[in-house]
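A.B. asks: If you're matching them up, the sequences are chains A and B in order.
The working numbering numbers the first residue of the first sequence as 742 and each following residue consecutively.
The working numbering numbers the first residue of the second sequence as 1057 and each following residue consecutively.
Keep in mind the hints are simulated off the structure, nothing from the lab.
Accuracy of the hints is not assured; some may be wrong.
[To be verified] One-sided and incomplete, this derived list gives chain B residues near chain A with beta-carbon spacing under 8 Å:
{"no.": "1", "residue": "C1060"}
{"no.": "2", "residue": "E1062"}
{"no.": "3", "residue": "D1072"}
{"no.": "4", "residue": "R1073"}
{"no.": "5", "residue": "P1076"}
{"no.": "6", "residue": "R1080"}
{"no.": "7", "residue": "R1084"}
{"no.": "8", "residue": "F1096"}
{"no.": "9", "residue": "M1100"}
{"no.": "10", "residue": "Q1105"}
{"no.": "11", "residue": "R1108"}
{"no.": "12", "residue": "R1109"}
{"no.": "13", "residue": "F1110"}
{"no.": "14", "residue": "P1111"}
{"no.": "15", "residue": "G1112"}
[As the list claims (entries may be wrong)] Far from chain B, some chain A residues (derived; all Cβ distances over 10 Å):
{"no.": "16", "residue": "E744"}
{"no.": "17", "residue": "Y748"}
{"no.": "18", "residue": "E750"}
{"no.": "19", "residue": "L751"}
{"no.": "20", "residue": "D778"}
{"no.": "21", "residue": "L781"}
{"no.": "22", "residue": "F784"}
{"no.": "23", "residue": "F790"}
{"no.": "24", "residue": "R883"}
{"no.": "25", "residue": "T890"}
{"no.": "26", "residue": "M913"}
{"no.": "27", "residue": "L921"}
{"no.": "28", "residue": "R922"}
In this text, a Cβ means the ideal position worked out from N, Cα and C, and glycines have one as well.
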Amino acid sequence: MAENVFYDELEKLRPTLMRFAVLQLRDEQSAEDAVQDTLLAAFEGAEQFSGRAQLRTWVVSILKNKIVDRIRKRSREAPLPEVSESDDDDFDALFQADGHWQEKPSSWGNPEATLQQSRFYDVMELCMKALPENLARVFTMREILEMETEEICKELAISTSNCWVVLYRARMRLRECLQLRWFNEGVGTE
Amino acid sequence: MKTCKEVHRLVIEGQDRTLPFTERIAVRVHLMMCGACRRFEAQMEFMRQALRRFPGD
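The shape of chain A in the complex, shown without the other chains (with noise of 0.2 Å):
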């Protein structure tokens, strides 16, 4: 690829970089930061790109690093506060006193064709948004740097069975968030 080509293609990614970065970092500078580090490595190494992945594929990985980096840094300096069992949200209700549902938990359709909506990703966008700090940096750490827990408990000097409270609400705090904003808006089914 002639070399003003790639910086074109680069530069086309980088919203796509930042809406990433944003939802991880929550702080538009770090991501704005950690974004301008990832197109600079990618332009400087791009003999390493041979073309078997997609571009985009191969700069969000770099881009996970410098995020993963920043969360570390951050981490160090400011801990997250450990989140108790019994802290606020409560599930229970979502169960009547047998352990049975209180309510069955509804169908959500056709993954794939949910998925095909551009929509939908600014919908679980607002909900990963609304979750707070410290359930949300455990979470995207999982699920989008796709880090192993133990991983994650140990960058962020928590407990292993305090990350797994941490993972438990924010996944049902998310599904709660998509149920509301997405599933039962019907937009799913349109």
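Dock chain B against the given chain A, drawing on the hints supplied.
C.D. replies: Here is chain B on its own, set in the frame of chain A:
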């Protein structure tokens, strides 16, 4: 026999750690018989796929 409440928790934890063999079996057995928990499991699986595809194509 595990309750739905126990199983929904194990379904989630199964995404973040390897469950002990006996628990995995107990969850499987429960899911076989419980449509509500199968839906819950499908929702969790969907969320994982969706997050890994973010921000879409």
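A.B. asks: For every hint, state whether the structure bears it out.
C.D. replies: Quick rundown of the hints versus the structure:
1. C1060: Holds - the Cβ of B/C1060 comes within 8 Å of chain A, reaching about 5 Å at its closest.
2. E1062: holds, 7 Å
3. D1072: At 5 Å from the nearest chain A Cβ, B/D1072 passes the 8 Å test, so the hint holds.
4. R1073: holds, 6 Å
5. P1076: The hint is violated - B/P1076 has no Cβ within 8 Å of chain A, the shortest such distance being about 14 Å.
6. R1080: violated, 16 Å
7. R1084: violated, 18 Å
8. F1096: With a closest approach of 5 Å, the B/F1096 hint holds.
9. M1100: With a minimum Cβ separation of about 7 Å from chain A (threshold 8 Å), the hint on B/M1100 holds.
10. Q1105: holds, 6 Å
11. R1108: OK, holds: B/R1108 within 8 Å of chain A, min 7 Å.
12. R1109: Constraint on B/R1109 satisfied, holds at 6 Å.
13. F1110: holds, 6 Å
14. P1111: holds, 5 Å
15. G1112: At 4 Å from the nearest chain A Cβ, B/G1112 passes the 8 Å test, so the hint holds.
16. E744: Holds, since 26 Å exceeds 10 Å.
17. Y748: At about 22 Å from chain B, A/Y748 clears the 10 Å cut-off, so the statement holds.
18. E750: holds, 16 Å
19. L751: A/L751 is indeed farther than 10 Å from all Cβ atoms of chain B, at 17 Å.
20. D778: holds, 19 Å
21. L781: Check passes; 21 Å lies beyond 10 Å.
22. F784: holds, 22 Å
23. F790: holds, 20 Å
24. R883: violated, 7 Å
25. T890: About 5 Å separates A/T890 from the closest Cβ of chain B, which leaves it inside 10 Å; violated.
26. M913: violated, 8 Å
27. L921: Label holds. Min Cβ-Cβ 13 Å, cutoff 10 Å.
28. R922: Non-interface label stands for A/R922: nearest chain B Cβ at 13 Å, farther than 10 Å.
Checked against the numbered hints above, the structure breaks hints 5, 6, 7, 24, 25 and 26 and satisfies the rest.
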